[in-house]
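Asker: In the numbering used here, the protein residues as written are 320 to 551.
Be aware that one or more of the hints could be misleading.
Below 25 Å or equal to it, Euclidean Cα-Cα: the simulated DSS-like pairs (lysine-lysine) are [claimed, not checked]:
# : residue 1 : residue 2
1 : Lys-460   : Lys-381
2 : Lys-381   : Lys-325
3 : Lys-376   : Lys-327
4 : Lys-489   : Lys-445
5 : Lys-489   : Lys-478
6 : Lys-504   : Lys-396
7 : Lys-449   : Lys-464
Derived CB-CB ranges, DEER-like [as the list claims (entries may be wrong)]:
#  : residue 1 : residue 2 : range
8  : Lys-376   : Ser-421   : 41 to 51 Å
9  : Leu-505   : Ser-451   : 27 to 37 Å
10 : Asp-493   : Glu-524   : 14 to 24 Å
11 : Asp-509   : Asn-472   : 10 to 20 Å
12 : His-323   : Cys-519   : 42 to 52 Å
Please keep in mind that the hints were generated in silico from the structure rather than gathered at the bench.
Computed from a predicted structure; not experimentally measured.
All C-beta atoms in this analysis are idealised placements derived from N, C-alpha and C, irrespective of residue type, glycine included.
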Amino acid sequence: MPSHFKVKEYCPLVFRNLRERFGVDDVDYRESLTRSQPIRIESSGKSAAQFYESYNKFFIIKSLTSEEIERMHAFLKQYHPYVVERHGNTLLPQYLGMYRISVESVQYYFVVMRNVFSSHLTIHKKFDLKGSTVDREASEKELEKNLPTYKDNDFIKQKVRVEIGDDAKKKLMDLLANDVELLTKLHIMDYSLLVGIHDCVRAEEEALHSEIAQGTGRSENSESEECDSGER
């Protein structure tokens with residue numbers, strides 16, 4: 320950051336309460352955002368927003384425009400009581416803070432959200448699902464990424480099934496129904512379900528290959544040391 324800048328925190332009491340509802344400790348939150356510089360990440364969306372990830376992958380930082388800040392203020396009036404009423408049980412983005420950073424005469428706006436993906440489990444495949452099949456395939460440009468975000472038609476073609484059990488399925492559908500009811504009330508249509516898949520079998524294979532590679536490296540180093548000793 321430049322040596323001279325100003326930071327404004329919007330609705331600090333509201334967001335502090337939201338962090339409490341979502342079980343986010345203020346000290347951990349502050350340390351995650353300030354201990355090390357956030358990492359720029361790619362976005363599969365069509366907007367011009369920039370996305371960053373905290374160093375520990377706990378939080379996502381999204382850039383906003385001044386107009387989007389105004390819309391967020393209006394959204395918070397419904398979102399905050401909704402989260403409170405449901406004790407944080409929602410699949411909507413978990414908004415944790417909103418800020419303006421002023422550098423000289425330039426202003427930047429950001430919102431901080433919890434990362435929906437695990438910080439310690441590798442995500443092997445991602446899907447952005449809207450429940451529509453119209454123009455819902457990952458683009459060629461998207462497929463060139465190391466971890467592309469697939470869409471509804473890709474989900475169908477790949478015959479993906481997510482087995483979560485009857486109880487978890489009912490809870491998931493109830494959460495979705497409640498969230499959609501709120502979004503309908505607010506006339507918000509641009510909503511999708513982001514699904515990340517951790518392949519347990521693949522993860523075990525990757526861990527095994529890593530162990531073998533490390534073992535081979537140690538063996539080679541040991542042999543090299545013995546040869547060096549013999550030559551001396």
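Asker: Taking the hints in turn, state whether each one holds.
Answerer: So, going through the hints one by one against the coordinates:
| no. | hint | in the structure |
| --- | --- | --- |
| 1 | Lys-460 / Lys-381 | 22 Å, holds |
| 2 | Lys-381 / Lys-325 | 18 Å, holds |
| 3 | Lys-376 / Lys-327 | 24 Å, holds |
| 4 | Lys-489 / Lys-445 | 22 Å, holds |
| 5 | Lys-489 / Lys-478 | 22 Å, holds |
| 6 | Lys-504 / Lys-396 | 13 Å, holds |
| 7 | Lys-449 / Lys-464 | 21 Å, holds |
| 8 | Lys-376 / Ser-421: 41 to 51 Å | 28 Å, violated |
| 9 | Leu-505 / Ser-451: 27 to 37 Å | 20 Å, violated |
| 10 | Asp-493 / Glu-524: 14 to 24 Å | 36 Å, violated |
| 11 | Asp-509 / Asn-472: 10 to 20 Å | 18 Å, holds |
| 12 | His-323 / Cys-519: 42 to 52 Å | 50 Å, holds |
Hint check: violations occur at hints 8, 9, 10; the rest are consistent with the structure.
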